[in-house]
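Q: Listed below, chain by chain, are the residues.
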Amino acid sequence: MSNTKFILGLFDDPDLMMHGIDKLQKNSIPIYDVYTPMPIHGIDDKLGIKPSRLGYAAFMFGCLGGTTIFSLVYYFLVHDWPIDIGGKPAFAAPSFIPATFEWTVLFTAFGMTATFFFATHLFPGRAPRVMDFRATDDRFVIAIDAKGNVPHEDITNLLKEAGAVEIKHNDRKYVSYE
Amino acid sequence: MKTHNSFDEQYQFTGKVKSWSLIAIVIGVITIFAGVLTKQTEQTFDNLLLMGYYFTCVCAAGVMFCAIQYAAQAGWSASLLRVPQAFGKVLPVAGLILIVIVVSGLFITHTVTAEDGKSHVEPYLYAGWATHDLTIKGSGIYDSVIAGKSGFLNIPFFLIRMVGMLGCYSLFGWLLFKYSENEDELGGMKFYNKSFIASCVFLVIFGFTVPVFAFDTIMSLEARWFSTMFGWYNLAALWVSGLSVMTLVIIYLRKAGYLPWVTLDHLHNMGLFMFAFSVFWTYLWFAQFLLTWYANIPEEAAYFIRRWEPSFKPWFWLNIVINFGAPLLVLMSRDSKRYIGTLKAMCIILIIGHWLDYFQMIMPGTIGPKEHWYTEFSWIEPGIFIGFAGLFTFLVLNALSKFKSLIPKKHPFLAESLHHHI
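Quick mapping for you: the protein sequence lines, in order, are chains A and B.
Numbering-wise, the first sequence is residues 298 to 475 according to our numbering.
Numbering-wise, the second sequence is residues 34 to 455 according to our numbering.
Read the hints as simulated data drawn from the structure, not as lab findings.
Treat the hints with care, as some may be off.
Unchecked claim - Just a sample of chain B residues kept apart from chain A, beta carbon distances all over 12 Å, derived:
1. Leu70
2. Glu148
3. Lys223
4. Phe263
5. Trp348
6. Lys443
To be verified - Listed next, with one range per pair, are the computed distances between beta-carbon atoms:
7. B:Gly197 - A:Pro311: 44 to 54 Å
8. B:Val62 - A:His338: 45 to 55 Å
9. A:Asn454 - B:Ile381: 53 to 63 Å
These numbers were taken from a predicted model, which means no experiment stands behind them.
Yeah, the Cβ is synthetic: ideal placement off N, Cα and C, and Gly gets one too.
All chains, full assembly: derive it from the sequences and hints.
A: Here it is as structure tokens:
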């Protein structure tokens with residue numbers, strides 16, 4: 298038994314890679330993931346990736362931000378230290394709205410960034426986990442978990458037939474850890 | 034998709050839609066006569082102005098849509114450009130109707146008795162500045178503020194501006210669909226480049242003049258009041274209502290079996306537009322409100338005081354709920370923009386919502402408060418709305434049926450639009 302953990306098919310053309318995915322799927326070979334240097338339309342559907350839930354996170358962060366500042370301003374200006382500004386009542390709701398709006402946007406933006414970092418294991422100071430360096434440059438990479446029951450030879454041949462320019466049998470999942 | 038064999042299909046304007054739109058026009062005409070005969074001429078005129086303005090704005094939004102797509106060199110919309118082009122084709126008629134309404138409103142007069150028992154003659158529309166004696170010293174109703182504005186707000190200059198602006202918008206609308214039609218015949222990049230230039234020129238002119246158009250047509254009804262936000266606020270209303278009507282027409286055409294190339298992705302984009310610009314509209318609405326409320330200067334606050342009368346306040350708040358709350362909560366999620374039923378319902382809600390918005394702009398300063406909030410509008414409002422809706426449907430679908438094909442088939446970005454995917 299070989300030590301190969303992942304088999305990577307490197308393509309230099311996105312269309313060939315898409316056909317490669319079709320070919321693998323037709324032969325019931327489960328694809329672990331696909332890495333491309335640019336977004337490719339329709340690839341999520343093809344790989345059966347669930348729609349992102351980032352939008353729900355954004356909504357929740359927005360609600361949190363709006364509620365936080367509204368409560369704070371209410372506490373400051375109505376409860377704790379009411380100030381007479383131009384004869385307006387202490388609870389002058391319309392003037393709270395710009396701040397509420399800004400904090401909603403701020404929390405949404407920061408919250409989404411944090412969620413994205415959390416979901417992708419990207420933290421400042423941490424080496425990103427990459428299966429093949431050229432996937433961020435000019436190669437379109439299909440990664441296949443080598444622990445399946447399909448002989449590695451067959452997978453290699455299928456990738457070759459599909460037009461892969463290079464096929465790698467990697468012993469470790471990521472080429473870069475810490 | 035059978036896109037390739039249906040490019041030459043023409044829209045057939047027959048059947049139920051045609052008869053219903055004609056019936057709606059008849060209802061509108063009957064309402065106008067009934068309104069005049071039951072001595073509610075003023076309210077009839079205000080409603081005619083409301084719908085004439087709404088109608089013109091929606092058609093102008095069609096030209097604006099085309100122009101923005103060309104100026105931004107957008108590809109996704111190429112396959113549905115015929116719909117806004119049809120709006121642009123109807124714009125001259127809409128403008129003409131608005132001018133007829135405005136002219137008759139300015140020149141048909143009636144005698145009004147003021148609270149002090151004195152009576153004077155004033156026109157049905159724009160009585161706030163077009164009443165003859167207002168700018169004459171010693172006439173009894175002399176108003177120095179209006180007299181000071183009379184260099185801008187006088188009938189000849191007012192009409193010149195209106196004819197000039199509407200004529201100019203119509204010309205560009207006509208140019209854009211003419212170029213597109215020629216492109217269908219001859220192909221090549223020539224007409225695309227021409228459309229690009231025409232669009233850029235149009236957007237500059239439109240951007241600078243549309244606030245003036247709004248100031249003239251609507252804001253001058255309350256001539257003593259002014260707001261520099263008003264023009265942009267009206268532009269946002271024009272754009273949102275135009276997009277809603279456009280989406281509704283596209284949904285109708287798809288249901289009738291046309292535009293098979295328009296996919297859920299295109300409708301999703303239209304939904305995004307509606308959502309985004311509803312928020313933009315609210316932003317401007319609120320900016321105008323907040324500044325007035327905060328500064329609390331009497332001559333500015335008077336505008337909102339009139340809208341806070343018990344008979345207008347419920348409508349004032351409903352306006353925000355419909356035009357901000359509804360799109361915010363419903364159109365935010367991806368699924369609701371991709372489900373045609375929801376999108377259609379939102380289009381209808383926004384169309385009615387922006388009618389209410391215009392109602393809020395016009396009525397408190399013209400016919401003024403009535404006894405109850407629910408008697409603020411009667412049978413005249415829906416009657417004239419139905420009339421104009423019928424007229425719009427008839428003219429736009431008729432214009433669509435005149436196109437040799439429902440797709441600009443030699444548009445350079447057509448392939449991008451046919452494969453649009455988000």
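Q: Against chain A, does Lys443 (chain B) keep a CB gap of more than 12 Å to every residue?
A: 24 Å, holds
Q: Checking a non-interface call: every C-beta of chain A should be farther than 12 Å from the C-beta of Glu148 (chain B). Is that right?
A: 30 Å, holds
Q: Would Leu70 (chain B) pass as off the interface with chain A, using Cβ distances and a cut of 12 Å?
A: About 44 Å separates Leu70 (chain B) from the closest Cβ of chain A, which puts it past 12 Å; holds.
Q: Just tell me: holds or violated, for the beta carbon distance of Val62 (chain B) and His338 (chain A) against 45 to 55 Å?
A: 51 Å, holds
Q: For Phe263 (chain B), is the shortest CB-to-CB distance to chain A above 12 Å, so the non-interface label stands?
A: For Phe263 (chain B), whose nearest Cβ neighbour in chain A is about 18 Å away, the distance exceeds 12 Å, so it holds.
Q: So Lys223 (chain B) supposedly isn't at the interface. Is its beta-carbon more than 12 Å from every beta-carbon in chain A?
A: The claim holds: Lys223 (chain B) sits with its nearest Cβ about 31 Å from chain A, beyond 12 Å.
Q: Between Asn454 (chain A) and Ile381 (chain B), is the Cβ distance one that fits in 53 to 63 Å?
A: Once the Cβ atoms are compared, 58 Å apart, the range 53 to 63 Å for Ile381 (chain B) and Asn454 (chain A) holds.
Q: Could one say that the CB atoms of Gly197 (chain B) and Pro311 (chain A) fall in the range 44 to 54 Å?
A: 52 Å, holds
Q: So is Trp348 (chain B) really clear of chain A, every C-beta pair being over 12 Å apart?
A: Since the minimum Cβ distance to chain A is about 19 Å, Trp348 (chain B) lies beyond 12 Å and the statement holds.
This entry satisfies every hint, going by the numbered hints stated previously.
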